[in-house]
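K.L.:
Chain residues, written in single-letter form:
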Amino acid sequence: MYQVNYHRASSVAEAAKLAKSGDAQFLSGGMTLIPAMKARLAAPSDLVDLAHIAELKGIKVSGKTVTIGAATTHFEVANDEKLKKVAPAVAHLAGLIGDPAVRHRGTIGGSISNNDPAADYPAALLALGATIATNKREIAADKFFKGLFETALKDGEIVTSITFTAPAKAAYEKFRNPASRYAMTGVFVAKGKDGVRVAVTGAGDDGVFRSKEIETALTKKFDASALDGLQLSPADLMSDMHASAEYRAHLIVVMAKRAVSAANA
Amino acid sequence: MSEVSLVVNGRRVGGTVEDRTLLVHFLREHVGLTGTHVGCDTSQCGACVVHVDGKAVKSCTMLAAQASGSTVVTIEGLADGAELHPVQAAFKEHHGLQCGFCTPGMIMTATDMIRRHPEGLDEATVREELEGNICRCTGYHNIVKAILAASKTMARSKGKAASKAKKAA
Ligand SMILES: Cc1cc2nc3c(=O)[nH]c(=O)nc-3n(C[C@H](O)[C@H](O)[C@H](O)COP(=O)(O)OP(=O)(O)OC[C@H]3O[C@@H](n4cnc5c(N)ncnc54)[C@H](O)[C@@H]3O)c2cc1C
Ligand code: FES
Ligand code: FES
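These protein sequence lines map, in sequence, to chains W and V.
Just so we're aligned: 199 in the UniProt record's numbering is position 199 of the first sequence, and the numbers increase by one with no gaps anywhere.
Just so we're aligned: 27 in the UniProt record's numbering is position 27 of the second sequence, and the numbers increase by one with no gaps anywhere.
FYI, nobody ran anything at the bench for these hints, they're computed from the structure.
From a predicted model like this one, the values you see are computed outputs, not experimental measurements.
Here a beta-carbon is modelled for each residue, glycine too, at the ideal position from N, C-alpha and C.
Be careful, since some hints might not be right.
Here are some chain W residues pointing at chain V (derived, C-beta under 10 Å) [said to hold, decoys possible]:
(1) Y2
(2) V12
(3) L18
(4) M31
(5) K38
(6) P100
(7) R105
(8) F175
(9) N177
(10) A179
(11) T216
(12) T219
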């Protein structure tokens, strides 16, 4: 790891100010950024630690509205009793991320800001039509995820919280890469106030995306049988050492079927 | 440079370290606790697991500066004098180790896992919870056996302590 200057922020305003120093980056759980710095793939001059900012933490559920602070850990999301009642699919998803030690540190804000094409949270936020609040504005999930490791965030902009309406039905099914346990294909299916929304992670050439074909089929009938015989085009899907685009095209439908069945169960 | 101050195994330790110092290097090189190991560069093996404020974390993926102000427990902090912690004793009893390199991380992960599952553990849960700990020697069977045995012993001794307290009251 190259030399770096560490700063601990105690408020969002202070973090925003500290971010102006040199080539600074925010540090939340550090579960992506620190490995990247160790491998010298990232070399910020300064780190602004967000993990001690109280206003970025915690989960609020009021009626059907759920708000999760950006610095809330995967472990906290996976184990929150109120969240498990209104949106169990989101708690389930958080419990599938990495391993227990990663979940104790990694945060939702860090995960979506990083926007790894195989990360889990982006699929949930896109399918739930979530709103991402920053220290500057509110951004709809549809506009937030821009491609591989790319988001709508501007330099120095801090994700503060994520808000969504608990769906009537939802589920996430993840086919884990047997080595890294990231999603080789993960499908989040939600049926809520905006109808049926289906988001796919781990499979797109350009990161997380919504599958219109699956949404259309499930809008007609919210049942796994509605996807029988559906074939997706591999054209914009990822091919890598783990799986071909054709394999992923098939896997998306399989995971979507399992997700709908789980959502209906 | 950062001034860091933390409590490690009940003892206050501190000093001035480079901001890039990882917690694992702080523990091994500044505090002299070499039980915590480094087995990989990719945050995957779990040889470095310690407890920070009561939670299992990978000390190779956290800066000492991030941990400043926290309470840390390492493998050296588990035994009660000469008496092994029940998880350590179970690893010995059930041959939960061969070369021993992964063992400190396995045991710190196991104690955290047992604490989070007061209702008890089954084999599938133990295997799932060991996701972040890699062992190149044992094939995991005896590690799983040891953790299941320790979880039972610890539940029993907790039960005993509780009934003793009840009788005394
Ligand atoms: C062994 C291992 C396995 C993993 N498995 C999975 C998995 O299965 N699925 C999965 O989805 N992820 C997985 N991860 C990644 C993990 O979920 C990370 O926690 C997450 O990607 C990043 O969150 P963080 O809080 O650790 O962010 P950090 O590493 O601290 O930061 C990541 C990036 O986001 C920026 N950032 C952080 N917070 C904010 C904010 N509030 N506003 C703006 N920018 C911000 C940082 O500057 C940095 O660029 C794994 C990681 C490891 C080490
Ligand atoms: S040394 Fe920390 S996970 Fe391998
Ligand atoms: S006992 Fe050798 S790595 Fe586990």
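K.L.:
Grab the minimum C-beta distance from W/T219 to chain V and call the hint holds if it beats 10 Å, violated otherwise.
P.N.:
violated, 35 Å
K.L.:
Let's test the interface hint: is any C-beta of chain V closer than 10 Å to that of W/P100?
P.N.:
holds, 6 Å
K.L.:
Verify the interface restraint on W/N177: the C-beta must sit less than 10 Å from at least one C-beta of chain V.
P.N.:
violated, 12 Å
K.L.:
Closer than 10 Å between Cβ atoms is the bar; does W/K38 clear it against chain V? Give me holds or violated.
P.N.:
Holds: closest Cβ of chain V sits about 6 Å from W/K38, inside 10 Å.
K.L.:
Would the hint on W/T216 be counted as holding, given a Cβ-Cβ threshold of 10 Å to chain V?
P.N.:
violated, 36 Å
K.L.:
The hint names W/A179 as touching chain V; please verify it with the least Cβ-Cβ distance against 10 Å.
P.N.:
It holds, given that the least Cβ distance between W/A179 and chain V is near 9 Å, below 10 Å.
K.L.:
Min Cβ distance, W/V12 to chain V: is it shorter than 10 Å?
P.N.:
violated, 18 Å
K.L.:
Is the interface hint satisfied for W/F175? The criterion is a beta-carbon contact with chain V at less than 10 Å.
P.N.:
violated, 16 Å
K.L.:
Identify whether the interface hint at W/R105 stands, where standing means a beta carbon of chain V within less than 10 Å of its own.
P.N.:
holds, 6 Å
K.L.:
Closer than 10 Å between Cβ atoms is the bar; does W/L18 clear it against chain V? Give me holds or violated.
P.N.:
violated, 13 Å
K.L.:
Does the CB of W/M31 sit less than 10 Å away from some CB of chain V?
P.N.:
Holds, because the Cβ-Cβ distance from W/M31 to chain V comes to roughly 6 Å (cut-off 10 Å).
K.L.:
With 10 Å as the cut and Cβ atoms as the points, is W/Y2 at the interface with chain V?
P.N.:
For W/Y2, the interface hint holds, since the closest Cβ of chain V sits about 7 Å away, which is under 10 Å.
Hint compliance for this structure: hints 2, 3, 8, 9, 11 and 12 are not met, and every other hint is.
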